[in-house]
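Sequence order for the protein chains is A and B. Numbered according to my numbering, the first sequence spans residues 1 to 707. Numbered according to my numbering, the second sequence spans residues 1 to 707.
No lab work stands behind these hints, which were simulated from the structure alone. Mixed in with the good hints there might be a few duds.
Remember, identical chains collapse to one label, so a pair may be satisfied in a single copy or spanning two.
To be verified - Below, simulated DSSO-like cross-link-like pairs (lysine-lysine); rule was C-alpha separation at most 30 Å, straight line:
1. K153 <-> K670
2. K539 <-> K328
3. K153 <-> K233
4. K286 <-> K565
Remember, predicted model here, so these are calculated numbers, not experimental data.
Number of protein chains: 2
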Amino acid sequence: MKTLRKTWALLLFLSGIVFAGEGMWTFDNPPKKLLKEKYGFDVTQEWLDHVRMASVRFNDGGSGSFVSPNGLVMTNHHVGLGQLQKMSKEGNDYVENGFFAKTNAEEVKCVDLELNVLMAMQNVTANVTEAVKGKTGPEAAMARRAVLAQLQKEIGEKSGMRADLVSLYNGAEYWIYSYKKFTDIRLVMAPEQQIAFFGGDPDNFTFPRYDLDMCFFRAYENGKPYNPPHYLKWKTAGAADGELVFTSGHPGSTARQQTMAQIEYLRDYQIPYQLKNFKRRLESLKAYSARGEEQSRRALSLIFGLENSQKAIGGQYSGLLDKNLMSKKQNDEKELRDRVNADPELKAKYAWAWDTIAVAMQRNKEKFNELSYRGVTGSLAPRALTIARYAAEMKKPNGERLPQYQDANLKATLENLYSPAPVYLDFEQVQLQDRFEEALEVLGANDPWVKAVLEGRTPQATAELLITNTRISDVAFRKALIEAGSDEILKSNDPMIKMALRIAPIGDEMRQWQEKNVNAALAPAVEATGKARFAVYGKELPPDANFTLRLSFGEVKGFPMNGTKAPSLTTMYGLYDRAFSFQNQKDFELPKRFQDGVGKLNLTTPMNFVSTNDIIGGNSGSPVINAKAEVVGLIFDGNIESLPGRFAYSEEKNRAVSVHPGVMIETMRKLYDANILADELEGILTKPEPKKESPAKNTKPAKKKKK
Amino acid sequence: MKTLRKTWALLLFLSGIVFAGEGMWTFDNPPKKLLKEKYGFDVTQEWLDHVRMASVRFNDGGSGSFVSPNGLVMTNHHVGLGQLQKMSKEGNDYVENGFFAKTNAEEVKCVDLELNVLMAMQNVTANVTEAVKGKTGPEAAMARRAVLAQLQKEIGEKSGMRADLVSLYNGAEYWIYSYKKFTDIRLVMAPEQQIAFFGGDPDNFTFPRYDLDMCFFRAYENGKPYNPPHYLKWKTAGAADGELVFTSGHPGSTARQQTMAQIEYLRDYQIPYQLKNFKRRLESLKAYSARGEEQSRRALSLIFGLENSQKAIGGQYSGLLDKNLMSKKQNDEKELRDRVNADPELKAKYAWAWDTIAVAMQRNKEKFNELSYRGVTGSLAPRALTIARYAAEMKKPNGERLPQYQDANLKATLENLYSPAPVYLDFEQVQLQDRFEEALEVLGANDPWVKAVLEGRTPQATAELLITNTRISDVAFRKALIEAGSDEILKSNDPMIKMALRIAPIGDEMRQWQEKNVNAALAPAVEATGKARFAVYGKELPPDANFTLRLSFGEVKGFPMNGTKAPSLTTMYGLYDRAFSFQNQKDFELPKRFQDGVGKLNLTTPMNFVSTNDIIGGNSGSPVINAKAEVVGLIFDGNIESLPGRFAYSEEKNRAVSVHPGVMIETMRKLYDANILADELEGILTKPEPKKESPAKNTKPAKKKKK
């Protein structure tokens, strides 16, 4: 059996097809054959529809799922963190102290959270092909953009749902995804950040791990808890070692189908720039953070995000510096190009593309600094830029506008612009000044963008002047400007708006240069490599991730680690071991609740576990489900060995890290006085179940058990 | 402070001097200045003498220490394991069940254990220099050997102690070390192997770790517990994070002063051979082990030893494949050679040596297979060879004999030969057959050694014939042969003796070839590099390890591990986490005592900890002591990152792994019903202290406290 499987894996490898566990599959194309052959599991359309409609996208960059008939949504604490911070006020710190609403009335409304549920997927590739027929270059791009904007608008208007344009396989397929949208989201439960992110940055992206990285929200519709037609049942016992498990979530981005030229650009330009940038911004944020407790609270989420990115991108970078990985990528590309060249028809259609991409990447390299360092940061300056761009774009017809100003997206753009989330002026100023200093250092004082920003002042004086005098932090001011229209914006005296109006054209010019000299060639070439891959391997390979809903499969399984083996799961015993090993200090300090409550707990309760599922950033908060679509875990991280997964998946060491349902129920019942929530998850009815409008098609009613 | 220390470390590095924590120092030359400057610690002669005479060498390859006024000796379970196995009979398995003697009368005498305590060290370098003056080549080697044998004999006879010849700094210094010798050693306490070696081979050489790798013996003299003049006091609380700690023990071997030619020989010949050999022997032993429970028990210690060596040598090998380490070694060698070449006197004396070593290693490479594969294995065939060699060597004058047949060593050689430890014939046969098969494969049927062994039979038939018909397994038979003398041995009809008599001359011939073509040149050249290093750096660098007593210093300190940090210590919570993480299975199964007794334990008790002390195999069982020479730990392993330490020390990641005194006392009192032993360690008197013949000079009397 072992030998057979090895041989089979080898054959698949040789023919460029995926390994077991590899792949973030679209819901229209799950690896049915593989799942049948390897696990004897039949993926039915019913199962797929149920899982898809129980899956939730957190639009600020995470995943989640419906886990009760009353609209309860499960995600990670670190996905909810931004909202928790925005809700918090002095003396009312949900991040530090956690939160639990015993009744619906106690639930706290999120400031600006949007959740999406993927209700329909429509393949519009044929429409695009038809629209661009006979056209090439910019003309084709324009035609494609126009037809897609049109389709997006039509489909959205017809369904009344949010319609998103989705490009797969490097543009070999175009889809419109329709989402049911929720904007009334209320916080139900969050543990203390100290336990959600136990181990802090050191333990981030590692395993064995001991985090309670969970957060529960409730979706409301018309002021009442929403009753989703599909939600996932709960299994407190979790999954067994070796059991087949799935994740359904929204991986943000992979680069597995990029060409060597693109990957080398990442390795030699983009990623070194990012790592330098993270380091600089972290230094600046930590200096700000050190000013006081309130400043520390404000900077927390950004610091966490940057440290997270720093470790993530650093891990990717190590993959790109790994000779084995790079030579595997090189071989893959060689094989694909050889197969393209061996077929006269494919050769004529696609063989040119790789060199074209290489030329385009070379051009990008030449303008790298201008493209990278001419940018603002924080939350105010980008909003001023949105307003300045709005003024220009709204004078154009819909199809010619930048995507975010087109009718289909404008509402979301403005909603984002009007976010009432608090703005901290001193914090904004620190970030702006640092960014300006960096641009000055790298681009020099004579760079047009630098000149337009500084107008001869120092970065410090500029940041101070802008922040002191702008009114952009006032939502009403932003709204008033937009409502006054383009001409009023162009006449504004606000210094931040004025700066935005000065730099927007420079940015536009850069973008146009890039559009003309890089993207115009790159887009069709990338599409051609996607189509070539498609022609050679078909849909046996999944497309790169792009924050759309994907299904991944895998097994609960430990891995070889630093000379020994990591188990497939950890227990609550280990949480206390790690805390006391570090003298209960800093990142390893237990919340008081956990220190005082240790005697109440069954410490053999599983805490976190790993599986071979292929995931990446954006999957945070994804449910891990078994073959019966029951929740057996909550994705919150990948191990350090999974980071090069952006470019290639390794079954041996790549692991997804999840919170076990056992620890969620154990702590809710024993430490958080949250039996009512545990009951809701476990399907134990403590109050009459509200009427459902459309009962779940694929799920049995919740088990009725009296506690 | 941080910057200062960095600079200082850099300066030391540039001048070829050791890093903080580096070095296995001889007791005549501890790093006094470094300890004073870095830790403010004054190493007094009194402190050194006290620690030295409280340290114990386990002659079968480990370390230990006196830890009570009544001759209690602490070491590792894996150091005592061989004895535990020899004591065990069916239904009386001390390895599986552990052991505790509540009274002296219940203590079990070891089968063939010898302990040594280093009482005196005499530098005889001047005598050697005098003896070899004006001589070169084989003549010098012969003169050196003769004067050393003479000195060893004289010193031993005068002191009545065991006198060992010790060569340091590649022969730049010669010493005679005098040991007080104990052969009446009795077992006091051993835990179950399952907890001593919790985590088994996977966790071996790793940290975080959860092992109770302790074993207690008692040294007897004249049938009574020995009262050592020096023993180490006990500190149950252990050492604090960052505290200065020492180890005093017997590191077996390092290769830090070897030349690049020697290291490359290890990398390209010796170590690949060893790894291949381990793999083969393990396969054979595991097949034998699978025959039944009794066979499994017999093979256990050998399998453990081989797996241990496999991981250790594998870790060393990874160091030799590491470009950074190799380029550091290359730079070190270059610097030393440059400094030698820059000084006309040093150049004339030593510059030739490196090339001579390279030539010698090249010759070794050419005869590698003959040198490596012409050897027997098991315990019977080597004894037959000892007897055959005895017959030949005893006809020569003392000074010309092979070292182990010289008067000073003969007694130890014969004691080893007469060991009453049980021999398992089927086990011997399996090992011999496998070894013969390997020799046949590699050397071919026409190799003289292979011919002499097999005499035309198959390896299987040969092994069967030898084992079935030999009487070597009978101690009385061995004794009778030796007592009958050389001529009777030469006439023996025993097939194993006959084979030994056939192959001994072939082995002698190989050894003579090697002596003449390799060692004759190598020994003076290696000595010259040692003297060159000595001339350039003096005794600021310690000599390579050679299973003589060494002092190492360091700090209790965690380390960066697989993306996160390993803490400096683990707690008993972690033991239960790791057990339950692996479903309490196989290597991670807790003994019943630990499963049932969890409720009695304080799980915050520290279990294992790491420190930067520079140690290596042979240090197992060494006490870790604080500045007051109190026991704060028991060395039992190094982390996986320490394995390349054979060639170079890295303060960043190289860690010694120890059992914490806290877990020893906690489990003795709560699980092993061994309060009396815990009391003896903690200095709590539960019975009148026996009269001492010579009260400890440097230690206060044990604290008198009533329990």
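Status of the hints after comparison with the structure:
| no. | hint | in the structure |
| --- | --- | --- |
| 1 | K153 <-> K670 | neither (50 Å within a copy, 74 Å between copies) |
| 2 | K539 <-> K328 | within (21 Å within a copy, 50 Å between copies) |
| 3 | K153 <-> K233 | neither (35 Å within a copy, 83 Å between copies) |
| 4 | K286 <-> K565 | between (36 Å within a copy, 21 Å between copies) |
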